[in-house]
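Sequences are here, hints too, so could you generate the full structure?
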Amino acid sequence: MKMNKRTFLAGTAAAMALSAGGMARAASHGEKLKVGFVYVGPVGDGGWTYEHDQGRKAVEAEFGDMVETTYVENVPEGPDAERVMTQMALGGAKLIFTTSFGYMDQTINVAKKFPDVKFEHATGYKTAENVGTYSARFYEGRAVQGTIAGHMTQSNKIGYIGSYPIPEVIRGINSAYIHAKKVNPDVEFKIVWAFTWFDPAKEADAAKVLIEQGCDVVLQHTDSTAPQAAAEAAGNVYTFGQASDMAEFAPKPRISSIIDNWAPYYIEQTRAVMEGTWKSEMTWDGIGAGMVGIGEITDAVPAEVKAEALALKDAIASGEYHPFTGPLKKQDGSDWLAEGETADDGTLAGMNFYVEGLEGEIPQ
Amino acid sequence: MLRLEKRRQPSRVWAWATPLVAVLATVIFGGLLFAALGKDPVTAIRTIFYDPLLGEHAFYYRPQLLVKAAPLVLIAIGLSLGFRAGIWNIGAEGQYIIGALTGAGCALAFYPLEAVWLFPLMILCGALGGFIWAMIPALLKVKFGTNEILVSLMLVYVAEQLLASMSLGLLKNPQGFGFPGSRNLQQYESAHNAEIIAGTGMHWGVATAFIMVILAYVLLNRHMLGFHIRLTGEAPRAAKFAGVVPARLIIFCLGASGALAGLAGMFEVSGPAGQVSIDFNVGYGFTAIIVAFLGRLHPVGILLAGLLMALTYIGGEIAQSGLGLPAAAIQVFQGMLLFFLLAVDVMTNYRIRIGGGPKA
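Residue numbers (our numbering), protein chains in the order written: chain A, 1 to 364; chain B, 365 to 724.
These are computed hints drawn from the structure, not numbers from a lab. A portion of the hints provided could be inaccurate.
[Said to hold, decoys possible] Using 30 Å as the maximum straight-line C-alpha spacing, the simulated DSBU-like pairs for lysine-lysine come out as follows: (1) A:K113 to B:K536; (2) A:K181 to A:K157; (3) A:K190 to B:K403; (4) A:K113 to A:K32; (5) A:K34 to B:K403; (6) A:K112 to B:K403; (7) B:K403 to A:K330; (8) A:K182 to A:K329; (9) A:K208 to A:K182; (10) A:K126 to A:K330; (11) A:K202 to B:K536; (12) A:K57 to B:K403; (13) A:K329 to B:K536; (14) A:K112 to A:K32; (15) B:K403 to A:K32; (16) A:K181 to A:K306; (17) A:K126 to B:K536; (18) A:K126 to A:K32; (19) A:K208 to A:K306; (20) A:K190 to A:K112.
[What the hints assert, rightly or not] Here are a few chain B residues that sit away from chain A, every Cβ distance over 10 Å (derived from the structure): (21) K370; (22) K403; (23) F543; (24) Y552; (25) L668.
The model shown is predicted, which means the values in this text are computed figures rather than measured ones. For each residue, glycine too, the CB sits at the ideal point set by N, CA and C.
Set out below in structure tokens:
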């Protein structure tokens, strides 16, 4: 029994290998490359998943009849994700994008069973021969956001809705705080952990709690527009679009945004698979490469603040300035970066500490 | 005028016909829904019901049906005991989480020791964890008369907080680069709830679910305790005269459902899920309530209901990626199935009469 199933899978895989070998040629003969996308939220979340789906549509627009894309939305991070990926691979997908951190082990598991299908896992740290990872340097955008937030707050209290205390989110908090503090030494951060990526009710509650505590700027690392709506209802509170522009809340409360732009990357990887040049890589791009975009800074922001923010954005894009530049200390007062020193990617990738000045503890 | 009249005896014909009529109605109205969305209704229905069972890749989906149904059946069997006696454990999700935590915690405490007794010990710990979590509402009800529905439900949120705290702290993988989540038990041989026969989906949780279906059937039909459970639900006053001690029954029903939910969590975390993570629970404890009622609180019915739910989940995913149906349409389709089942179920206990009927 064991052997039968194994060999069956291996057989399927071998058949796929044969067809993949002739892919570049086959594509021009009208055989479509199937590309699958696994989403953690609904495509209409207006945030994270929405932007990944924009990337998928860009792939379709770019390659037209040469590709066929499929997606499954609202996939929980667990055994269900493994089944969805397997099902896509069985259905003939040759390239699968798994777009949430929690799909990491599942992606690796399924990739083992389908050595000739390429997998691209967002924001993870495990790779394999046929698994590459990609993520964006959101913290670069957070630096710009922190600068604006530091200027805009009247109460000197800035709220932050965290999703999960993983390095990606902690980096964002640190980066925003460092830059808010730079322009406003009295600034104070209040952080609420929602323990979800997408849950409009919980996100709205978190925003309300922060607003009640006197925060007049609320940053979010969750995907829905619920905090924007809560800020709008409260009145004098500013917010930033997260993952997507969330322009429907401009010019106020939303005064700018961080936009994830996956389209160029998805197109590039799809082309690489078509041409047979795909390699497993760990991609981590920021504002410079266009993966992180800063949404329009609205007129609610004074012109000089806007100019300062855009100058910072340009400095980061050109590589002239790194958002984590010393002198910086850790929360416990120990030294982290010396004067002029910049953080290395290894430390950033596993960041699990707050910088000096932030209050509270990272949930343990 | 249409009027419902209670049958003296539940109709046997309708008891059997209900599921078929409901499925048929779902197929018709679901098909209309899919057609309205611009998809071919025949293809869509075939994708959901036929492809996972007999389609091209069914060799992969059939085992997955068991994997998906096992926790639902295991939890629903436990819940059905209490539901029959009017004891409402709504917090199986929490007991499921705690069972997973105690089971995985036991394994991780011994990591990397390889021993044959480890897995049996984990099973024990998982069941015990769920049992203890269910004892909180049970004892509070017996001692202070609190409402077990509220207490058990609220404890779900407590369990979720505990799960997050464990994923980020005590049980966090020390080699996980600071990311939340425990070690993956699939890579720890002694603790891995592997398939008993590879490729069949038959892991120990599935086997346990089947055994529990049989045990529950025997308990309810051949055992004094089962008789007491049924009697308490159907005729509480008679039960009192028959010498049923309510406190004991509460402890038994909540304890048993807690232990089974804990077992389900333990089998899931050590098998298909592999690790304790913040998002470990995906609602099996709540879906199992639907499964229990869908199966009419009968062990065999629950088994079939669990498999049917699993089928709509898996078929629904195939329809999403294969046909581009939105997830919401699939949820509406699942909802329809439940709605029609419960609606048609009325026919088992009532008959439709036209006209005024006899004067009282």
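We went through each hint and held it up to the structure:
1. A:K113 to B:K536: 27 Å, holds
2. A:K181 to A:K157: Between K181 (chain A) and K157 (chain A) the Cα gap is close to 11 Å, so the pair holds against 30 Å.
3. A:K190 to B:K403: 48 Å, violated
4. A:K113 to A:K32: 22 Å, holds
5. A:K34 to B:K403: 20 Å, holds
6. A:K112 to B:K403: 34 Å, violated
7. B:K403 to A:K330: With Cα atoms ~56 Å apart, K403 (chain B) and K330 (chain A) exceed 30 Å; violated.
8. A:K182 to A:K329: 14 Å, holds
9. A:K208 to A:K182: 27 Å, holds
10. A:K126 to A:K330: This hinted pair holds, its Cα atoms lying about 27 Å apart.
11. A:K202 to B:K536: 25 Å, holds
12. A:K57 to B:K403: Judged against 30 Å, a Cα distance of about 20 Å means the pair holds.
13. A:K329 to B:K536: This hinted pair holds, its Cα atoms lying about 26 Å apart.
14. A:K112 to A:K32: 24 Å, holds
15. B:K403 to A:K32: 21 Å, holds
16. A:K181 to A:K306: Between K181 (chain A) and K306 (chain A) the Cα gap is close to 17 Å, so the pair holds against 30 Å.
17. A:K126 to B:K536: 17 Å, holds
18. A:K126 to A:K32: Status holds; Cα separation ~29 Å.
19. A:K208 to A:K306: 27 Å, holds
20. A:K190 to A:K112: 43 Å, violated
21. K370: For K370 (chain B), whose nearest Cβ neighbour in chain A is about 41 Å away, the distance exceeds 10 Å, so it holds.
22. K403: 14 Å, holds
23. F543: Violated, since 5 Å does not exceed 10 Å.
24. Y552: At about 13 Å from chain A, Y552 (chain B) clears the 10 Å cut-off, so the statement holds.
25. L668: For L668 (chain B), whose nearest Cβ neighbour in chain A is about 21 Å away, the distance exceeds 10 Å, so it holds.
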